[in-house]
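Peer 1: Sequence:
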Amino acid sequence: MAKKKKKMEYRYYEMPSGSYILPLLGVGWEQEYGVEYPDDLLHFHNYMEIGYCYHGDGNLIIEDRVYEYGDEMFSVIPANIPHTTNSKPGHICKWEYLFIDVDGFMKNEINLDAAQIHSILSQINKRGTLKTAQNHPVMARLVLDIIRECREKSLYYEESVKGYLYALVVEMLRLVDERDKSRRTRKVNQYIKDSLDYVNEHYMEPIRMVDIAEASGLSESHFRRIFEDAMNMKPLDYVNLIRVDKACFLIEREDISMEEISFRVGFQTQSSFNRNFRRLTGMSPYQWKKKETKQEGILKNYQISAMKGWEA
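Be aware that the sequence shown starts at 1, since it is given in my numbering, and climbs by one per residue.
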């Protein structure tokens, strides 16, 4: 049996003549959202929707993502992006909305060529999001300033709104850049994690850089560049660091020869073991064994920069 397609509504708005913003403000937008429609009934619009939640809680569904919203949060949902808002049962939420003709504003009010405008629009129309005013105060303030101008309609408010709207577009671009940087950081962190996992599992074996790179899903040259930028050390230096750390552990717990220890942790020669051990600890393996103050290893003495910013 064919999978039943979810229903979706197209809610069309007409922009006021000569304007780029249609504000939906007032007490009519203080309500329990979602009670008239099934929870999974999504809709989309012909203009970008920016919503500001003053108070209340519930969930905002944007495409296949579910966000929990609360007080002082705002949504940015480009045209043609499916979404819906649902209050928690019995909760009255106060939202106000701005529908914005971003395309028209960019094409008519911004002094850029068509290619530049197309590039900007393609970036800010990628996906919808929900943000807190606390974490994005500049953008939240701009949204509230536009709402205030649309509500009060003071002298020259149209010109004021255009200025705020220009600044809002800039903040949207910064938001896209922030999201892209975060996505790139997560990808790099995953590459690094995969490489560290590989080293921790195979440090006792002969390791080639191409093997670690393949475990990370990268070419060797690309892997070396990413690893060195993130870790502030070369991949081989990290391999030797792990091997010496494991050797410290064995020295303190096993009554075996240094030759056996160097073999167990992956060094091919005794001289290579001794040289790397002294470089990383400041003493020979025999001096380490005889020292009075014992310690688990040497990793805790190193700051590995990539580990500082990892996200769950």
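Fair warning: there could be bad hints in the mix.
[To be verified] Cross-link-like lysine-lysine pairs, in silico, DSSO-like; alpha carbons within 27 Å at most: (1) K181 - K193; (2) K153 - K187; (3) K88 - K107; (4) K181 - K94; (5) K7 - K88; (6) K94 - K131; (7) K246 - K181; (8) K94 - K153; (9) K126 - K187; (10) K162 - K193; (11) K289 - K246; (12) K181 - K126; (13) K234 - K290; (14) K107 - K153; (15) K162 - K126; (16) K162 - K94; (17) K88 - K162; (18) K246 - K234; (19) K193 - K246; (20) K246 - K290; (21) K88 - K131; (22) K107 - K126; (23) K7 - K126; (24) K162 - K107.
If you are wondering where the hints come from, they were derived from the structure by calculation, not from laboratory data.
Peer 1: Evaluate each hint against the coordinates.
Peer 2: Evaluated hints:
As the CA atoms of K181 and K193 are separated by approximately 18 Å, the hinted pair is consistent with the 27 Å bound. Between the alpha carbons of K153 and K187 the distance comes to roughly 47 Å, so the proposed pair goes past 27 Å and is violated. Restraint check for K88 and K107: not satisfied, since their Cα atoms lie roughly 40 Å apart, outside the 27 Å limit. Taking the CA atoms of K181 and K94, the gap is about 33 Å. The hint is violated against a cut of 27 Å.
Among the hinted pairs, K7 with K88 is consistent with the structure: their alpha-carbon atoms are about 22 Å apart, no more than 27 Å. Restraint check for K94 and K131: the C-alpha separation of about 16 Å stays at or below 27 Å, so the hint holds. For the proposed pair K246 and K181, the alpha carbon gap of about 35 Å is over 27 Å, so the pair is violated. Distance check on the hinted pair: K94 and K153 sit about 22 Å apart at the alpha-carbon level, within 27 Å; holds.
For the hint pairing K126 with K187, the CA-to-CA distance comes to about 19 Å; that is within 27 Å, so the pair holds. Our distance criterion of 27 Å between C-alpha atoms is broken by K162 and K193, whose separation comes to about 46 Å. Between the alpha carbons of K289 and K246 the distance comes to roughly 13 Å, so the proposed pair stays at or under 27 Å and holds. Between K181 and K126 the alpha-carbon distance is near 15 Å, which keeps this suggested pair within the 27 Å criterion.
With a C-alpha separation of about 30 Å, the suggested pairing of K234 with K290 is violated against the 27 Å cut-off. At roughly 25 Å between alpha-carbon atoms, K107 and K153 fall within 27 Å of each other, so this suggested pair holds. Using a Cα cut-off of 27 Å, the hinted pair K162 and K126 holds, with the two alpha carbons roughly 23 Å apart. Distance restraint check for K162 and K94: the Cα-Cα separation of roughly 25 Å lies within the 27 Å cut-off, and the hinted pair is therefore satisfied.
With a C-alpha separation of about 35 Å, the suggested pairing of K88 with K162 is violated against the 27 Å cut-off. The suggested pairing of K246 with K234 holds, with an alpha-carbon distance near 19 Å, which does not exceed 27 Å. Proposed proximity of K193 and K246 is supported: the alpha carbons are some 19 Å apart, at most 27 Å. With a CA separation close to 17 Å, the supplied pair K246 and K290 stays within the 27 Å bound.
A hinted pair counts as satisfied when its Cα atoms are at most 27 Å apart, and K88 with K131 qualifies at roughly 19 Å. Distance restraint check for K107 and K126: the Cα-Cα separation of roughly 18 Å lies within the 27 Å cut-off, and the hinted pair is therefore satisfied. Distance hint between K7 and K126 is fulfilled; the C-alpha atoms sit about 22 Å from each other, no more than 27 Å. Restraint check for K162 and K107: the C-alpha separation of about 13 Å stays at or below 27 Å, so the hint holds.
Hint violations for this structure: numbers 2, 3, 4, 7, 10, 13 and 17, all remaining hints satisfied.
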